[in-house]
Amino acid sequence: MKDIRTAMEGETVGSIVADPITRHVLALYCGASGDHNPIHVDIDFAKAAGMPDVFAHGMLSMAFLGRLVTVLAPQSALRSFGTRFASITALGSEITCTAKLLSRFEEAGESRARLELIATDQNKDIKLLGEAVVALPN
Numbered sequence: 072m073k074d075i076r077t078a079m080e081g082e083t084v085g086s087i088v089a090d091p092i093t094r095h096v097l098a099l100y101c102g103a104s105g106d107h108n109p110i111h112v113d114i115d116f117a118k119a120a121g122m123p124d125v126f127a128h129g130m131l132s133m134a135f136l137g138r139l140v141t142v143l144a145p146q147s148a149l150r151s152f153g154t155r156f157a158s159i160t161a162l163g164s165e166i167t168c169t170a171k172l173l174s175r176f177e178e179a180g181e182s183r184a185r186l187e188l189i190a191t192d193q194n195k196d197i198k199l200l201g202e203a204v205v206a207l208p209n
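Letter by letter, the sequence shown follows residues 72 to 209 of the numbering used here.
No lab work stands behind these hints, which were simulated from the structure alone.
Being a predicted model, the structure only gives us computed values, none of them experimental.
Treat each hint with caution, since some may be false.
To be verified - Pairs of lysine-lysine, DSBU-like flavour, derived with a Cα cap of 35 Å:
hint : residue 1 : residue 2
1    : 171       : 195
2    : 118       : 195
3    : 73        : 195
4    : 171       : 73
What the hints assert, rightly or not - Quick list of simulated restraints, FRET-style, between CB atoms:
hint : residue 1 : residue 2 : range
5    : 174       : 86        : 46 to 56 Å
6    : 83        : 106       : 42 to 52 Å
7    : 141       : 93        : 42 to 52 Å
8    : 151       : 95        : 42 to 52 Å
9    : 113       : 165       : 18 to 28 Å
10   : 116       : 179       : 24 to 34 Å
11   : 130       : 193       : 47 to 57 Å
12   : 118       : 93        : 43 to 53 Å
Here a beta-carbon is modelled for each residue, glycine too, at the ideal position from N, C-alpha and C.
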């Protein structure tokens, strides 16, 4: 991980790779999140909906991006965090989350950094795009 305070704009400041998404991970996420949509855990339901198999919750990949942000800055420094879902994440996908420094700026009396967030799978297909703003330590 690179120090956000000294990184150049456009530079990658961090990345993480999540474990492959398995049926077990999806079942655990259903319980933890309260999102029990059967399209994520019931293969018969998914096939009836025209899908070849179940697929990951979009919010699971967003959680991976959140994990990266909180590796780069403490949770208490988070000022905003948002994503746009780009494509479905299949079983077996290995999600890589990357953060790039877009800018540093002053707001509300503190130094802040705006980060570009991208989640891709092992084929480099984009799954989520987002941004986060974090307060920087003095």
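Each hint, compared with the structure:
1. 171 - 195: holds (16 Å)
2. 118 - 195: The hint holds at about 26 Å.
3. 73 - 195: OK: residue 73 and residue 195 at ~22 Å, within 35 Å.
4. 171 - 73: With Cα atoms ~10 Å apart, residue 171 and residue 73 stay inside 35 Å; holds.
5. 174 - 86: 46 to 56 Å: violated (19 Å)
6. 83 - 106: 42 to 52 Å: Given about 31 Å between the Cβ atoms, the range is violated.
7. 141 - 93: 42 to 52 Å: violated (23 Å)
8. 151 - 95: 42 to 52 Å: Distance hint for residue 151, residue 95 is violated at roughly 32 Å.
9. 113 - 165: 18 to 28 Å: holds (23 Å)
10. 116 - 179: 24 to 34 Å: violated (46 Å)
11. 130 - 193: 47 to 57 Å: violated (20 Å)
12. 118 - 93: 43 to 53 Å: violated (19 Å)
Hints 5, 6, 7, 8, 10, 11, 12 from the earlier list are contradicted by this structure; the remaining hints agree with it.
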